[in-house]
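Asker: Sequence:
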Amino acid sequence: MATGASATQRIPSKRQTLDEAYAPPANFLEIEVINPITHGVGKMRYTDYEIRMRSNLPVFKQKESSVRRRYSDFEWVRAELERDSKIVVPTLPGKSFKRQLPFRSDDGIFEEEFIENRRKALELFINKVAGHPLAQNERSLHIFLQETTIDKNYVPGKIRTATKDVAEESMFLEKINQKTGEREWVVAEEDYDMAQELARSRFGDMILDFDRNDKFLEGLKTTIPEKKRENEDGKVHVLDIGTGTGLLSLMAAREGADKVTALEVFKPMGDCARHITGHSEWADKITVISERSTDVSQIGGSPADIIVAEVFDTELIGEGALRTFKEALQRLAKPGCRVVPSSGNVYIAPVESHLLEMFNTIPRLNGAEDEHPLGNCSGTAAVFDVQLSEVKTHEFRELSDPIVAFKFDFEHEEKIIFDESFVRKATAHSSGTIDAILMWWDIDMDGTGKTFIDMAPKWKNPDNYAWRDHWMQAVYYLPQKKKVEMGQTFEIVCNHDEFSIWFSEVGKDTTRTYCVCGLHSMLSRQTVYHINEMFENHSFRAEVNRLSNNLHVTTVGEGSFLGLLAAKTAKKVTIIEGNERFRDIFYRYIQYYNLKNVEIIEKATNLTETPDIILAEPFYVSAMNPWSHLRFLYDVEVLRMLHGDELKVEPHVGTLKALPECFENLHKIAADVGTVNGFDLSFFDGISTKARAATDAIVDEQSLWEYAGTVKGEPVELLTFPVDGKILSRKCAVRMEKMNSSNGIPIWMEWQFGNVTLSTGLLSVTDSGEPEWNKGYKQGVYFPISDLQNEQSLNLRALFDNSSGDITFQFSKV
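Each residue of the sequence shown is one higher than the one before, starting from 1 at the first, in the UniProt record's numbering.
A portion of the hints provided could be inaccurate.
Stated by the list, open to error - Here are the in silico distance ranges between beta carbons for each label pair:
| # | residue 1 | residue 2 | range |
| --- | --- | --- | --- |
| 1 | Asn461 | Glu505 | 43 to 53 Å |
| 2 | Glu646 | Leu788 | 42 to 52 Å |
| 3 | Lys813 | Ala79 | 42 to 52 Å |
| 4 | Ser682 | Glu505 | 49 to 59 Å |
As the list claims (entries may be wrong) - Mimicking DSS-like on lysine-lysine, the simulated pairs with C-alpha atoms at most 25 Å apart in a straight line are:
| # | residue 1 | residue 2 |
| --- | --- | --- |
| 5 | Lys221 | Lys334 |
| 6 | Lys158 | Lys128 |
| 7 | Lys712 | Lys738 |
Read the hints as simulated data drawn from the structure, not as lab findings. Here the structure is a predicted model, which is why all the values come from computation and not from measurement. All C-beta atoms, glycine included, are put in the ideal place defined by N, C-alpha and C.
Based on the provided sequences and hints, a complete structural model is requested.
Answerer: Structure below.
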């Protein structure tokens with residue numbers, strides 16, 4: 001078996017110059033919402049804001065622009081993007097109707113403090129939206145950002161080019177520069193994203209969810225005969241909303257539906273469904289329409305007798321299920337229309353759990369003995385979706401029996417309400433602190449109370465548990481922790497709007513909470529956990545103290561809190577942080593902990609004094625996978641150009657590793673679907689396989705701690721990266737054994753930090769072969785394509801390109 005030392009081959013490198021290192025960013029996008037002005041009087045009074053944009057992204061025609069927009073304009077662009085793009089568009093700050101009541105003694109929505117808070121929220125909203133590459137190709141966003149007036153009669157469409165030297169039928173796609181962390185744009189052909197999205201969408205997991213399929217089939221078996229008996233002509237029209245591959249439409253036709261209308265807004269999937277159903281024996285019964293159900297006014301012939309729809313997500317309502325059912329019942333269905341599923345219940349369980357708390361709590365250098373370095377921030381109410389079955393029962397303690405938070409009726413449009421709040425009571429069966437609220441749901445497929453899809457985790461419902469990744473369970477956090485005593489009856493306020501769910505305390509503000517400290521809004525839950533885990537890692541902190549003792553320490557990274565740890569024993573700490581928001585957060589930590597030996601600079605060229613040692617985790621918040629943190633090598637290279645090659649650096653070496661693993665279920669997300677419930681869906685496999693084969697081997701990023709599996713071999717060293725100041729291209733070719741008993745290859749980085757090994761992946765393996773993965777990082781994982789799945793061994797080739805900082809992988813037969 002090849003090791004890193006024997007397998008790694010060096011390729012001549014090109015040294016980066018200081019001009020290259022500190023040239024202006026290759027691509028940037030800056031949007032400010034500023035200068036609010038209130039106009040008019042009485043009912044004609046309104047406030048607008050200046051939207052100032054600067055960018056050199058090629059997709060934007062103007063590189064600098066300034067327009068004024070009202071709140072209603074933000075509502076317009078959000079609605080346009082939600083209709084036309086494939087992204088989930090963030091919510092806007094609320095309209096605050098209570099502030100508009102005539103008997104208020106203040107200025108209501110025109111009060112200075114309210115306008116400033118709304119301005120901040122609108123700036124956050126538009127930056128989130130405009131930062132998405134798919135949104136940047138929408139004409140509506142360009143009108144909103146750069147046209148003096150908004151033409152609401154415009155023709156929706158994609159922005160294909162903004163420069164004359166790019167082909168008219170090209171599309172701009174985002175790419176992260178691994179050397180600098182900057183966003184860059186490349187030009188792709190018109191149909192690039194279609195095949196690629198199908199390949200990476202992992203519809204296979206949903207299609208291979210046989211529990212889901214069987215339960216939807218049972219719902220159709222109940223409702224179709226029922227409607228045939230009720231209708232005078234004995235005919236039934238089924239409307240399938242979000243058909244995907246057309247599977248549910250095929251089920252409906254086979255079960256006796258006389259007409260099936262299938263809606264699919266995602267055109268590549270609509271084309272796929274059209275092909276699959278068109279080549280089936282029920283082709284004459286099924287019509288596929290590539291539209292969103294809320295945009296369709298009629299579906300041909302008579303309205304629907306039955307609606308079947310799989311429009312759910314982890315939160316049940318997050319994909320717009322409430323509006324989908326309500327408007328379909330109003331406009332596209334007959335009175336008394338049946339819906340599959342007919343109803344849904346949402347359950348919650350308050351728990352005490354230090355593990356789950358670490359994904360949300362503001363990191364504190366000294367643990368619980370500290371107050372709050374960034375103030376008393378509630379965090380964000382956004383859902384934290386997670387495979388709760390892999391949270392071990394010793395890692396949390398239930399404080400009460402599960403509570404029914406919501407009951408949704410999908411069959412009666414008058415009962416579908418977008419905004420609701422309920423006070424739910426529970427009795428504590430043990431004393432403790434509510435660190436988190438666990439959530440899952442079930443849906444009744446036909447209203448009989450006999451056929452349910454149940455999302456309860458395995459430890460709650462072991463007999464009926466079915467694994468799936470397209471839906472998960474969720475974790476939420478109360479705005480403030482709540483203590484309960486055994487036997488106490490306590491209350492939780494359960495809130496939902498059209499798309500989301502959140503929880504609060506009785507007597508407190510029930511509006512959806514937003515991060516006010518800046519940390520939660522910038523970081524993923526996983527990264528918050530990583531920082532908290534680093535602060536609690538005693539062996540790592542001891543090594544940081546040893547390496548920093550009485551020295552001038554400089555730390556590099558993006559969003560790395562390492563410099564705050566080094567301050568304990570260092571003579572002086574200089575944190576190089578290019579992100580302005582992180583600099584602000586670090587300044588607040590410095591002030592709170594009175595760290596007088598810490599300074600923060602924006603870039604390496606501001607470092608005038610040569611440090612004794614450079615320290616890094618390495619950690620960069622923009623990194624998409626473990627090897628993206630190799631950007632650390634380029635930061636060190638710049639510092640050595642400025643201060644000499646003799647600079648001491650830790651970590652002093654990094655290693656890219658891989659091993660074979662047999663996952664219990666995770667491999668299904670990339671598996672071929674073939675024949676499902678008696679229907680040939682292999683056309684979908686053909687599209688996916690072709691798209692995957694047309695690119696470098698797809699290595700997914702997954703939080704592997706959430707997915708059970710068994711290790712089948714020892715870790716293999718792929719590439720080694722000595723931190724010696726010279727960044728060389730490297731390549732390897734290794735043989736991965738025992739692949740016929742495996743279905744995936746996890747890939748991760750390990751760094752030697754002084755005497756401590758920092759792993760972004762594998763931490764340990766039990767005697768039974770169960771791996772423990774680092775919860776603070778996502779790992780890479782490769783799933784062999786069908787041609788490679790039965791091989792005893794595979795060739796794995798990896799190439800690190802020092803000019804781009806990228807690693808590419810290839811897998812092939814031996």
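Asker: Confirm or reject each hint.
Answerer: Status of the hints after comparison with the structure:
At about 29 Å, the beta-carbon gap between Asn461 and Glu505 misses the expected band of 43 to 53 Å. Roughly 47 Å separates the CB atoms of Glu646 and Leu788, a value that falls within the hinted 42 to 52 Å. Roughly 51 Å separates the CB atoms of Lys813 and Ala79, a value that falls within the hinted 42 to 52 Å. Range check, Ser682 to Glu505: about 53 Å between beta-carbon atoms, so the 49 to 59 Å window is met.
Only pairs whose Cα atoms come within 25 Å are accepted, and Lys221 paired with Lys334 is accepted, the gap being roughly 19 Å. At roughly 19 Å between alpha-carbon atoms, Lys158 and Lys128 fall within 25 Å of each other, so this suggested pair holds. Between Lys712 and Lys738 the alpha-carbon distance is near 7 Å, which keeps this suggested pair within the 25 Å criterion.
Violation of the numbered hints given earlier is confined to hint 1; every other hint is satisfied by the structure.
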